[in-house]
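Based on the hints, put chain B in the right spot on chain A.
One letter stands for each residue in the lines below.
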Amino acid sequence: MSLEDSLFGVHGKALALRSQRLELIASNIANASTPGYKARDIDFDKALAAATSQQGSVAGALETAMGYRTPLQPSSDGNTVEMSTEQTLFAENAVKYRTTLSFLEGRLNTITRALRGE
Amino acid sequence: MSMDKPMNIFDIAGRAMSAQLVRLNATASNLANAGSVSGNENQAYRAIRPVFSTIVEKPGVATVKVDKVVTSDTPATRRHDPGHPLADANGDVWEAGVDSSAELVEMVESARMYQNNVQVIQTAKSLLLETIRLGK
Chain A
1 MSLEDSLFGV HGKALALRSQ RLELIASNIA NASTPGYKAR DIDFDKALAA
51 ATSQQGSVAG ALETAMGYRT PLQPSSDGNT VEMSTEQTLF AENAVKYRTT
101 LSFLEGRLNT ITRALRGE
Chain B
1 MSMDKPMNIF DIAGRAMSAQ LVRLNATASN LANAGSVSGN ENQAYRAIRP
51 VFSTIVEKPG VATVKVDKVV TSDTPATRRH DPGHPLADAN GDVWEAGVDS
101 SAELVEMVES ARMYQNNVQV IQTAKSLLLE TIRLGK
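Chains A and B are the protein sequences, given in the same order. If you count the first sequence from 1, position 73 lands on 73 in our numbering, and the numbers rise without skipping. If you count the second sequence from 1, position 95 lands on 95 in our numbering, and the numbers rise without skipping.
The shape of chain A in the complex, shown without the other chains (with noise of 0.2 Å):
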């Protein structure tokens, strides 16, 4: 176990997979008038504990988890892109990093505190 990570959790590894999902979901947005072009996105459960098993990568990760997207209504020039889902994913996501973030915030005020010895 590398030294962030026992200082961090798993939240140091979340918080990259968060921002590469973020990328994702972007990307998807990108591409929403893009014919033919397929959305994908991770499982992010199965992202994160990929990335935080032994020998575990983000990278390594973002590739076992990857899928694509199944559209709710097909359409007809093969774009699985559906703005409504990568919109509320993209929000969701966005408050999930937050989150992380925060988390990371309080280890390290519990960190600094105790190096400070209060």
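These are computed hints drawn from the structure, not numbers from a lab. All C-beta atoms in this analysis are idealised placements derived from N, C-alpha and C, irrespective of residue type, glycine included. Among the clues, some could well be false.
Among chain B residues calculated to face chain A with C-beta under 10 Å, some are [said to hold, decoys possible]:
no.: 1; residue: Asn-8
no.: 2; residue: Ala-16
no.: 3; residue: Val-51
Below, simulated EDC-like cross-link-like pairs (lysine to aspartate or glutamate); rule was C-alpha separation at most 20 Å, straight line [said to hold, decoys possible]:
no.: 4; chain 1: B; residue 1: Lys-65; chain 2: A; residue 2: Asp-77
no.: 5; chain 1: B; residue 1: Lys-58; chain 2: A; residue 2: Glu-92
no.: 6; chain 1: B; residue 1: Lys-125; chain 2: A; residue 2: Asp-77
no.: 7; chain 1: B; residue 1: Lys-65; chain 2: B; residue 2: Asp-4
no.: 8; chain 1: A; residue 1: Lys-38; chain 2: A; residue 2: Asp-77
no.: 9; chain 1: B; residue 1: Lys-125; chain 2: A; residue 2: Glu-92
no.: 10; chain 1: B; residue 1: Lys-68; chain 2: B; residue 2: Glu-106
no.: 11; chain 1: A; residue 1: Lys-96; chain 2: B; residue 2: Glu-130
For chain B alone, coordinates are given in the frame of chain A:
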């Protein structure tokens, strides 16, 4: 597409905004030319439309670009108007091949898509700033 550094969320949404802007410009050109008249079929204005394609950096990380701009096959409309200064030998003029209502739909849609990408950038920016403040 070769890039010096890895694509981030700002590149992804920023390029998508550029692509939507090209689309919006094309729509503006089409609407501006709707109703314009020409003396023969070949010279009549035809609606232009950008074709989008995906720029993939790695699985799931992708943005979009305008691959090419094509001319639509909406035919020019022939109108009999012998008094028109541009009328041909038969007294016909050709009106631009633009479907105004389709253009309006296109305009609203691309504006919406542009907004969605602005939203992505706003969210990403505030998250990044919060991350920078971490531990301060």
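Each hint, compared with the structure:
no. : hint                 : verdict
1   : Asn-8                : holds (7 Å)
2   : Ala-16               : holds (3 Å)
3   : Val-51               : holds (8 Å)
4   : B/Lys-65 - A/Asp-77  : holds (17 Å)
5   : B/Lys-58 - A/Glu-92  : violated (23 Å)
6   : B/Lys-125 - A/Asp-77 : violated (32 Å)
7   : B/Lys-65 - B/Asp-4   : holds (18 Å)
8   : A/Lys-38 - A/Asp-77  : holds (11 Å)
9   : B/Lys-125 - A/Glu-92 : holds (16 Å)
10  : B/Lys-68 - B/Glu-106 : holds (17 Å)
11  : A/Lys-96 - B/Glu-130 : holds (13 Å)
Hints 5 and 6 from the list above are not met by this structure, while the remaining hints are.
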